[in-house]
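Just need the whole structure built from these sequences, with the hints factored in.
As they're listed, the protein sequences go chains A, B and C. Here the first sequence is numbered in our numbering, starting from 1 and rising by one per residue. Here the second sequence is numbered in our numbering, starting from 283 and rising by one per residue. Here the third sequence is numbered in our numbering, starting from 671 and rising by one per residue.
Each hint should be verified, as a subset may be incorrect.
In silico DMTMM-like pairs for lysine to aspartate or glutamate, Cα to Cα no more than 25 Å straight-line [to be verified]: (1) B/Lys426 with B/Asp491; (2) B/Lys475 with B/Glu420; (3) B/Lys426 with A/Asp178; (4) A/Lys176 with B/Glu394; (5) A/Lys198 with B/Asp353; (6) A/Lys198 with B/Asp407; (7) A/Lys122 with A/Asp133; (8) A/Lys122 with C/Asp736; (9) B/Lys410 with B/Glu422; (10) A/Lys94 with B/Asp353; (11) B/Lys428 with A/Asp133; (12) A/Lys198 with B/Glu521; (13) B/Lys581 with B/Glu518; (14) B/Lys371 with B/Asp323; (15) A/Lys122 with C/Asp711; (16) B/Lys475 with B/Asp491; (17) A/Lys198 with C/Asp711; (18) B/Lys371 with C/Asp683.
Distance ranges between label pairs, derived from CB positions [stated by the list, open to error]: (19) B/Lys404 with C/Ala833: 31 to 37 Å; (20) A/Val264 with C/Gly737: 21 to 27 Å; (21) B/Gly339 with A/Val264: 56 to 62 Å; (22) C/Asp683 with A/Leu6: 52 to 58 Å; (23) B/Thr356 with C/Gly837: 33 to 39 Å; (24) B/Lys465 with C/Asp683: 41 to 47 Å; (25) A/Thr248 with C/Val681: 55 to 61 Å; (26) A/Lys275 with B/Thr356: 45 to 51 Å; (27) B/Asp548 with A/Ser191: 58 to 64 Å.
No wet-lab data here; the hints were simulated from the structure. In this text, a Cβ means the ideal position worked out from N, Cα and C, and glycines have one as well.
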Amino acid sequence: MRRGRLTGYWLMLPAGLWLAVFFVIPFYSLLATSLYDPEGSVLTGYDVGYRFANFVDVLQEFWRPLLRSLTYAGIATLICLVLGYLLAYAIAFKAGRWRTLLLVLVIAPFFTSFLIRTLSWKLILADDGFIVDALQTLHLMGENDRLLATPVAVIAGLVYNFLPFMVLPLYASLEKIDGRLVEAAGDLYASPSRGFLKVTLPLSMPGVVAGTLLTFIPAAGDYINAQLLGSTNQRMVGNVIQDLFTDTGDYAAAGALSVLLMVVIVAMVMVYIRKAGTEELL
Amino acid sequence: MSLAAERATDPSNPPGGSGRNLRLTALTKEFSTFTAVRSLDLEIPAGTFFALLGPSGCGKTTTLRMVAGLDLPTSGTIHLGDDEITYAKPYRRPVNTVFQNYALFPHLDIHENVAFGLRRRKVKDVDKQVQEMLELVELESQAKKKPPQMSGGQQQRVALARALINRPEVLLLDEPLGALDLKLRRGMQIEIKRIQTEVGLTFVHVTHDQEEAMTMADTIAVMNAGVIEQMGSPTELYENPRTTFVANFLGQSNLIPGTVSSADGDVVRVDMHGTQVSIPADRAHVTSGNGWVGIRPEKVLVAAEGEPLDAPGNHMSGGVVTDVSFVGVSTQYLVRMPWGQELMAFEQNTGRRAFLTAGTKVDVSWRPEFAFLLPASQDVNAGAIEEA
Amino acid sequence: MNGLQRASRWVSDHIVLAGGLLVLVYMFVPIAIVMLMSFNDNSESRNVYAFRDFTFSNWTNMCGPDGMCESVLRSIGIGLAATLVATILGTLAAFALVRHNFRGRSVMNTVIFLPMASPEIVMGSSLLALFVSGGFGGRLGVVTIFIAHVMFCLSFVIVTVKARLSGLDQNLEQAAMDLYASEATTFWRITFPLVFPGIAAAALLSFSLSFDDFIITNLNAGQTVTFPMYVWGVAQRGVPMQVNVIGTIMFLISLALVLGNMFATRKKA
Numbered sequence: 001m002r003r004g005r006l007t008g009y010w011l012m013l014p015a016g017l018w019l020a021v022f023f024v025i026p027f028y029s030l031l032a033t034s035l036y037d038p039e040g041s042v043l044t045g046y047d048v049g050y051r052f053a054n055f056v057d058v059l060q061e062f063w064r065p066l067l068r069s070l071t072y073a074g075i076a077t078l079i080c081l082v083l084g085y086l087l088a089y090a091i092a093f094k095a096g097r098w099r100t101l102l103l104v105l106v107i108a109p110f111f112t113s114f115l116i117r118t119l120s121w122k123l124i125l126a127d128d129g130f131i132v133d134a135l136q137t138l139h140l141m142g143e144n145d146r147l148l149a150t151p152v153a154v155i156a157g158l159v160y161n162f163l164p165f166m167v168l169p170l171y172a173s174l175e176k177i178d179g180r181l182v183e184a185a186g187d188l189y190a191s192p193s194r195g196f197l198k199v200t201l202p203l204s205m206p207g208v209v210a211g212t213l214l215t216f217i218p219a220a221g222d223y224i225n226a227q228l229l230g231s232t233n234q235r236m237v238g239n240v241i242q243d244l245f246t247d248t249g250d251y252a253a254a255g256a257l258s259v260l261l262m263v264v265i266v267a268m269v270m271v272y273i274r275k276a277g278t279e280e281l282l
Numbered sequence: 283m284s285l286a287a288e289r290a291t292d293p294s295n296p297p298g299g300s301g302r303n304l305r306l307t308a309l310t311k312e313f314s315t316f317t318a319v320r321s322l323d324l325e326i327p328a329g330t331f332f333a334l335l336g337p338s339g340c341g342k343t344t345t346l347r348m349v350a351g352l353d354l355p356t357s358g359t360i361h362l363g364d365d366e367i368t369y370a371k372p373y374r375r376p377v378n379t380v381f382q383n384y385a386l387f388p389h390l391d392i393h394e395n396v397a398f399g400l401r402r403r404k405v406k407d408v409d410k411q412v413q414e415m416l417e418l419v420e421l422e423s424q425a426k427k428k429p430p431q432m433s434g435g436q437q438q439r440v441a442l443a444r445a446l447i448n449r450p451e452v453l454l455l456d457e458p459l460g461a462l463d464l465k466l467r468r469g470m471q472i473e474i475k476r477i478q479t480e481v482g483l484t485f486v487h488v489t490h491d492q493e494e495a496m497t498m499a500d501t502i503a504v505m506n507a508g509v510i511e512q513m514g515s516p517t518e519l520y521e522n523p524r525t526t527f528v529a530n531f532l533g534q535s536n537l538i539p540g541t542v543s544s545a546d547g548d549v550v551r552v553d554m555h556g557t558q559v560s561i562p563a564d565r566a567h568v569t570s571g572n573g574w575v576g577i578r579p580e581k582v583l584v585a586a587e588g589e590p591l592d593a594p595g596n597h598m599s600g601g602v603v604t605d606v607s608f609v610g611v612s613t614q615y616l617v618r619m620p621w622g623q624e625l626m627a628f629e630q631n632t633g634r635r636a637f638l639t640a641g642t643k644v645d646v647s648w649r650p651e652f653a654f655l656l657p658a659s660q661d662v663n664a665g666a667i668e669e670a
Numbered sequence: 671m672n673g674l675q676r677a678s679r680w681v682s683d684h685i686v687l688a689g690g691l692l693v694l695v696y697m698f699v700p701i702a703i704v705m706l707m708s709f710n711d712n713s714e715s716r717n718v719y720a721f722r723d724f725t726f727s728n729w730t731n732m733c734g735p736d737g738m739c740e741s742v743l744r745s746i747g748i749g750l751a752a753t754l755v756a757t758i759l760g761t762l763a764a765f766a767l768v769r770h771n772f773r774g775r776s777v778m779n780t781v782i783f784l785p786m787a788s789p790e791i792v793m794g795s796s797l798l799a800l801f802v803s804g805g806f807g808g809r810l811g812v813v814t815i816f817i818a819h820v821m822f823c824l825s826f827v828i829v830t831v832k833a834r835l836s837g838l839d840q841n842l843e844q845a846a847m848d849l850y851a852s853e854a855t856t857f858w859r860i861t862f863p864l865v866f867p868g869i870a871a872a873a874l875l876s877f878s879l880s881f882d883d884f885i886i887t888n889l890n891a892g893q894t895v896t897f898p899m900y901v902w903g904v905a906q907r908g909v910p911m912q913v914n915v916i917g918t919i920m921f922l923i924s925l926a927l928v929l930g931n932m933f934a935t936r937k938k939a
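Structure follows, in structure tokens:
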């Protein structure tokens with residue numbers, strides 16, 4: 001390039017430093033914390049003990065919330081994929097001149113407090129709320145059954161909160177598809193459903209991969225929905241980590257569980273990307 | 283449903299060359315702000331190479347899309363033989379399209395692109411047919427490549443193969459050569475014409491390039507503002523245009539105002555700024571009042587004042603050469619006539635005549651059988667604005 | 671027959687759109703409830719989530735609940751500061767990544783992607799681990815929140831500005847220089863105005879991410895209470911209806927800003 005050879009470094013430096021000091025190095029701190037000797041405390045200080053047994057301990061004690069997090073996040077991601085694909089497809093191909101406006105409407109809820117919206121779901125799913133009333137009237141729910149404090153409520157909350165993260169990447173990749181390719185499929189004897197499976201879906205795979213990752217990862221670490229919409233029986237791994245840090249003060253265990261969550265997620269993502277055959281994405 | 287109708291809409295049994303005429307009846311397509319196609323009637327005989335020619339926005343692509351089933355007409359019908367296909371889904375009519383910019387599937391290789399239609403119809407022996415089709419378009423060695431790795435000309439041939447392999451009754455080509463450079467385009471024109479003759483299917487070709495239409499098509503329909511201005515063989519349209527639009531859009535024309543002085547038998551006489559010219563009756567599209575006398579520039583002969591000119595009948599003197607362009611095969615002159623109009627004249631560079639220079643006084647003439655006469659009510663500039 | 675065929679095609683063309691719109695409605699139901707509840711007179715009993723009576727008093731007495739407005743102001747302050755810093759640093763970085771070749775560029779591109787792909791709980795606890803091991807465990811507060819917010823906003827700013835910048839036709843800049851504009855003039859007259867909608871969108875995104883963040887903030891806040899933390903606190907005891915007023919105002923402001931940005935982008939692009 002024509003401009004000074006060092007300009008790039010100078011422009012990158014402040015943001016790069018910030019991310020290095022407050023994002024990359026903290027991972028190292030977390031790793032160190034996870035190996036602390038749990039005998040210590042914040043007040044007395046910790047010994048860096050290279051105590052790998054911490055991982056075994058937290059896995060034994062907290063495998064249920066960890067597994068529950070992955071399950072809930074997985075189910076929520078699948079539901080998001082179906083709903084999000086429908087919405088993104090409608091905006092990309094069927095909305096005509098309303099396209100930009102609809103896109104804005106997808107983003108708009110995202111700008112309104114996550115917590116307030118989740119509290120709103122608490123209201124909607126409440127025991128005397130209209131959904132429970134309606135389901136009870138239709139005898140789809142027993143008189144004493146609840147929606148709140150069930151996995152259904154937590155998963156519904158996760159779906160709701162992370163849906164925009166699914167819709168936007170899906171839309172971005174659907175929007176790039178040349179409409180003539182779909183017409184060409186129809187011209188070549190593919191029914192709309194075959195045309196979708198053979199042309200639209202494969203071409204939108206980058207969006208599917210990005211969307212599922214952007215939904216699954218934060219959903220697996222979330223604890224707000226489990227806390228507000230669930231009960232102690234729906235505790236997710238995020239609740240446990242949060243409590244270990246702030247209530248129990250057991251930093252070693254909290255660190256180990258965080259690292260474990262990250263490792264599990266990274267492993268799942270790697271396998272998933274390999275399966276989806278889109279390594280060039282990252 | 284009759285047996286024939288079933289066959290028309292059953293893509294698993296493409297008739298391939300069995301040949302039925304494509305007929306459009308009172309076909310109309312209105313969009314919210316304008317009418318793209320206005321009550322179009324057209325019959326395209328089976329096995330012909332048919333071109334729809336017109337400037338962009340004339341409705342030719344809309345017509346094509348309605349035949350393909352990609353757009354629905356506002357009214358009117360489309361028939362293939364006796365079967366109506368107006369509202370049949372695109373994937374249920376024996377019509378295939380070579381899309382503008384090809385619309386090749388970027389995630390599939392060339393082999394799978396060409397196989398796409400056959401696989402949807404669950405045809406057997408797909409690989410063998412694809413192989414043969416790729417041989418026809420001379421791409422057999424490229425089967426494993428993906429479309430973005432290929433040149434424009436190669437992509438164009440893949441698009442052709444992908445449509446042709448289905449042996450449609452009608453093959454639609456939407457500006458198929460628009461993205462290619464001039465030299466490649468000339469080669470592909472001949473190539474496509476050869477393939478059409480070989481497979482004997484009906485080809486409907488949409489283009490705004492008049493040379494392309496004339497090179498390839500047996501029959502051309504010139505379309506303007508949603509209606510067909512004139513239809514016929516390339517020679518017919520070129521030699522005997524019936525509207526100023528056709529005269530200007532297909533090649534170039536000199537259009538000179540005149541008044542009909544007499545019309546008897548097979549000759550119409552026109553007074554053209556004091557000069558009497560005669561026009562054969564079958565080329566005169568008005569027989570009284572005012573009109574435009576039309577003559578193609580290459581039919582106009584120019585010679586320095588007083589020199590002999592080979593053209594009995596229509597002879598005018600008093601011209602002055604105002605501009606000379608040498609374009610290799612010919613020399614193009616602009617000659618200002620006494621009434622102020624500048625006429626175009628193209629002279630073949632046979633080497634027999636000396637070049638004329640700007641300012642030379644000249645005589646101009648043409649053979650009467652080459653002229654044509656159009657109604658004065660038509661816009662003299664219609665279709666004259668170059669687009670390509 | 672034709673009428674029927676046309677009708678069936680119309681339905682199949684519109685069924686997907688209808689489904690998509692239903693999903694969109696689903697996304698707006700909780701917001702409608704928030705708006706409705708902002709007019710709920712619930713002064714009798716704060717624990718029951720039910721619409722009792724219509725009132726404007728939540729709007730006129732917005733700052734009634736103890737500490738709520740203070741937390742909102744604190745969140746706005748942190749949000750503005752974090753947005754300012756993240757937008758400036760992120761825009762510079764985006765220019766570096768799109769317009770300059772330097773060693774480590776692809777590494778940087780990956781590092782930028784990671785904060786968006788890491789669970790917040792992990793980022794929050796990592797940062798807490800850093801602060802604690804650095805001896806700042808007792809001094810968590812506004813500054814540590816600010817640091818955390820700039821960190822996670824940076825990625826979003828860089829990605830947003832990068833997208834706008836790489837969509838920019840470099841011929842425009844070359845044309846400007848051809849027409850006697852110096853490099854600086856070209857930047858301020860051509861490049862910056864064209865990239866500005868992207869920068870504005872990035873700033874908007876940053877602010878709302880910062881204002882809305884709970885998980886990372888909660889771990890690194892010490893005794894400081896931001897608005898989401900306030901909501902979290904009252905959620906355990908009973909939510910004052912004024913929270914819904916704040917929610918409604920946030921929604922309306924962000925909708926206005928997003929729509930404004932949309933029209934600005936459309937006009938300029």
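Tested hints:
Among the hinted pairs, B/Lys426 with B/Asp491 is inconsistent with the structure: their alpha-carbon atoms are about 33 Å apart, more than 25 Å. This hinted pair checks out: B/Lys475 and B/Glu420 have alpha carbons roughly 15 Å apart, not beyond 25 Å. With a CA separation close to 22 Å, the supplied pair B/Lys426 and A/Asp178 stays within the 25 Å bound. Pair hint A/Lys176 plus B/Glu394 holds up; C-alpha atoms about 22 Å apart against a cutoff of 25 Å.
Restraint check for A/Lys198 and B/Asp353: the C-alpha separation of about 22 Å stays at or below 25 Å, so the hint holds. Taken as a hint, the A/Lys198 and B/Asp407 pair is honoured in the structure, with Cα atoms around 20 Å apart against an allowance of 25 Å. Distance hint between A/Lys122 and A/Asp133 is fulfilled; the C-alpha atoms sit about 14 Å from each other, no more than 25 Å. With a C-alpha separation of about 23 Å, the suggested pairing of A/Lys122 with C/Asp736 holds against the 25 Å cut-off.
As the CA atoms of B/Lys410 and B/Glu422 are separated by approximately 11 Å, the hinted pair is consistent with the 25 Å bound. About 15 Å separates the Cα atoms of A/Lys94 and B/Asp353, which keeps this hinted pair within 25 Å; it holds. Using a Cα cut-off of 25 Å, the hinted pair B/Lys428 and A/Asp133 is violated, with the two alpha carbons roughly 57 Å apart. In summary, the hint linking A/Lys198 to B/Glu521 is not supported, as the alpha carbons are separated by about 49 Å, beyond the 25 Å threshold.
Distance restraint check for B/Lys581 and B/Glu518: the Cα-Cα separation of roughly 16 Å lies within the 25 Å cut-off, and the hinted pair is therefore satisfied. Between B/Lys371 and B/Asp323 the alpha-carbon distance is near 22 Å, which keeps this suggested pair within the 25 Å criterion. Between the alpha carbons of A/Lys122 and C/Asp711 the distance comes to roughly 19 Å, so the proposed pair stays at or under 25 Å and holds. In summary, the hint linking B/Lys475 to B/Asp491 is supported, as the alpha carbons are separated by about 16 Å, within the 25 Å threshold.
The straight-line distance between the Cα atoms of A/Lys198 and C/Asp711 is roughly 55 Å, outside the 25 Å bound, and the hint therefore fails. Between B/Lys371 and C/Asp683 the CA atoms are separated by roughly 12 Å; this keeps the pair inside 25 Å, and the hint holds. B/Lys404 and C/Ala833 have their C-beta atoms about 43 Å apart, which leaves the hinted 31 to 37 Å range violated. Separated by about 38 Å at the C-beta atoms, A/Val264 and C/Gly737 break the suggested range of 21 to 27 Å.
At about 59 Å, the CB distance of B/Gly339 to A/Val264 agrees with the hint of 56 to 62 Å. The hinted range of 52 to 58 Å is satisfied by C/Asp683 and A/Leu6, whose Cβ atoms lie roughly 56 Å apart. Separation of B/Thr356 from C/Gly837 is about 38 Å and conforms to the stated range, judged on CB atoms against 33 to 39 Å. A beta carbon spacing of about 43 Å between B/Lys465 and C/Asp683 agrees with the range 41 to 47 Å that was offered as a hint.
Range check, A/Thr248 to C/Val681: Cβ separation about 58 Å, and the 55 to 61 Å hint holds. Between A/Lys275 and B/Thr356 the C-beta distance comes to about 48 Å, which sits within the given range of 45 to 51 Å. For B/Asp548 and A/Ser191, the Cβ-Cβ distance of about 59 Å falls inside the hinted range of 58 to 64 Å, so the restraint holds.
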